[in-house]
Amino acid sequence: MLNIYDMEKALSGLLRKYNIQEPQDFRLTQPGSLNGLNLLPGWTLIDTPLDEKQIPLLTWRLKRKFLELKKIVQDSIIENVRMFRFCSMGNKDEWNWPSLLYREMDLCEFIGDGKIVSLQAVISDNQTGNVILRLDNNILCSVEISIQMPSDSALTDRHEIIAQRGVASDLVVDTMIPQNSIYSYTEKGEQQYRDVDMELFGFDELQIDQVRSAFQVLKQRELAQQWQIQHKRLVNFINSVYISDNEQRKIIFN
Amino acid sequence: MKPVKIAMLSLTHGHTRKYFQTLKENPKLEWIAVYAETERIRDIFLKGNYNVPCYLDEQEMYERHPDIEAVVMASANNKHLPQFRECASRGIHVLSMKIPSFDMDEYSEIVKLVEKAGIVCQIELEMHYNPVVERLKQVVSNGDLGKIGAVNATNITLSPVWAFPWQGVPEESYGKRVQLCPGDNRFRGGSLCDHPHVFDLIRWLTNSEFDYVYAEAGPNIRQDIEVEDTLLINGKMKNGVSFLFDPSWSRLEERLEIPGPGWEIYPKRMEVNVNISGEKGVLFADCFGPNVYHNGVPNDRYTVQYTYFDEWIGMMDEFVDCIRNKKNPKINLKWHRKTIEAMNACYESIALDKVVYL
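In order, the protein sequences belong to chains D and V. So for the first sequence, the working numbering puts the first residue at 632; every next one is plus one. So for the second sequence, the working numbering puts the first residue at 76; every next one is plus one.
Derived from the structure by calculation, the hints contain no laboratory data. Please note: incorrect hints may appear among the correct ones.
Result set (SDA-like, lysine to any residue): computed pairs, CA atoms no more than 25 angstroms apart in a straight line [unchecked claim]:
hint, chain 1, residue 1, chain 2, residue 2
1, D, Lys-881, V, Ala-192
2, V, Lys-212, D, Asp-756
3, V, Lys-222, D, Lys-696
4, D, Lys-701, D, Met-829
5, D, Lys-696, V, Tyr-377
A partial selection of chain V residues facing chain D, derived with a Cβ cut-off under 10 angstroms [to be verified]:
hint, residue
6, Thr-229
7, Gly-315
8, Ser-325
9, Lys-343
10, Phe-359
11, His-369
12, Pro-373
13, Tyr-377
14, Val-379
We put the beta carbon where it would ideally sit given N, CA and C, even for glycine.
Next comes chain D alone, as it looks inside the complex:
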């Protein structure tokens, strides 16, 4: 099992390989570095006031499947997008409800190339809930979030994009859960594998996403400020989601 130090080492390796200046000091996990850069997944900073050394990583934005979905929309492979049907389910040992919501709301904007202009939310026990969002390009989005998967369950998600011409999705047609690359059935039992990055082989997907997004921020420095701004917007949306649920009303943003 590779740990956070392995991730930091892998990031350093990538930076050296691609001739990108390595910061003197950086950390990929809490409590982080006092003087150096803290490159942390954005959802871990939802309750933390940001300082300029803290870079909230929108880690999913470097994930191949989301990049491909974005490209399908951007290149009009499917035309005139009408609806998003997004769903994310995790276990409460690794996730909390706002963290998954943070990710999915950002994905709505990222893939849809639009800004959230309204939302209406219903939450049950802060563990499961749904949000209906609209983007400024009129795409209507549903976001279903639950953290009621059992311990050790992998994050299970679905991203379906419905357009006037065509549908795109990260799930196979006629299935309900994501597929893996390898399924083995041996005397040791059933094993499943999903390896997606040769340069970071051996890390799990969340670790890969974090290293890749940290790498991107260090390679493309202007991204740091853009993601800090987006982080603040997403935190604001999360607060609005709770208001919407409490007051049972739609929230509209100007």
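Add chain V to chain D, keeping to what the hints say.
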């Protein structure tokens, strides 16, 4: 048990064809007559060689077959009330399509007609006779998931309006022409009217009623129809269970006048998927899976070929049992009223752009 002598009315409903085999094969039924609304519909029916007399005049059918005991009311929603009046006056039992009426005054009149005539009226919500749904109910009721927090469900299909045009006509589908919301050029009567199942299902699964709903229509996928084809609904049941429903026509179709192979553009023409989150875990259910797949004729497209469960068998068995043994059907008018009220509340929410309490 003496078979129930049964007829079919109109043949304009999308589910019409699904009854043919059951009416023919179920030994508890004797299919004795059919009324077709138009010559075209009659001709299509006759091609099936069912050897059942088909009439173009409803009254003529009743006059020639005074022994009709029950009908399958396979008609557009706006035809239901007059057909109920006729059936009640003749003491004929009714298997009604999913929406007896969206007009609650009309609905009340139908209830009175049925009660006064002492006839059986069963609503066609065939999901109750689906084995996956049966298993789902068992898993939930035996507590495997613990206390339920959310029930999210899709009832997504292609649009039937090209084959069954009344479903795209607000007056025939919703019962009247009501603008969807201020400034919108669409009217009530689209995909929401076609998809009551999930509204019904959650009431069974949670043993609770709707507290409030919030609904929002998306932009239409089909620009040339005047009813809604995408929408999302969220809300809560009175016991605190939250829900998100997607009852859209979000699977694109070839515009066939007679449904058949090649109808779907998206590989899968229909889904009812249910996703339940509970204290002890999460469940994903595909109420019509698993299936088989092909990329054959007519379009060489990858296609999901359903391995349908025939819910109509169990449903018709119950209908016969209720008629012969004077029982009240599981899905009766009184039970179903709250489902229709919730669907109406969704339209109201779209119009008002806010939560609507029931």
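Here's how the hints hold up against the structure:
| no. | hint | result |
| --- | --- | --- |
| 1 | D:Lys-881 x V:Ala-192 | violated, 46 angstroms |
| 2 | V:Lys-212 x D:Asp-756 | holds, 23 angstroms |
| 3 | V:Lys-222 x D:Lys-696 | violated, 34 angstroms |
| 4 | D:Lys-701 x D:Met-829 | holds, 22 angstroms |
| 5 | D:Lys-696 x V:Tyr-377 | holds, 22 angstroms |
| 6 | Thr-229 | holds, 8 angstroms |
| 7 | Gly-315 | holds, 6 angstroms |
| 8 | Ser-325 | holds, 5 angstroms |
| 9 | Lys-343 | holds, 5 angstroms |
| 10 | Phe-359 | holds, 4 angstroms |
| 11 | His-369 | violated, 12 angstroms |
| 12 | Pro-373 | violated, 19 angstroms |
| 13 | Tyr-377 | holds, 7 angstroms |
| 14 | Val-379 | holds, 5 angstroms |
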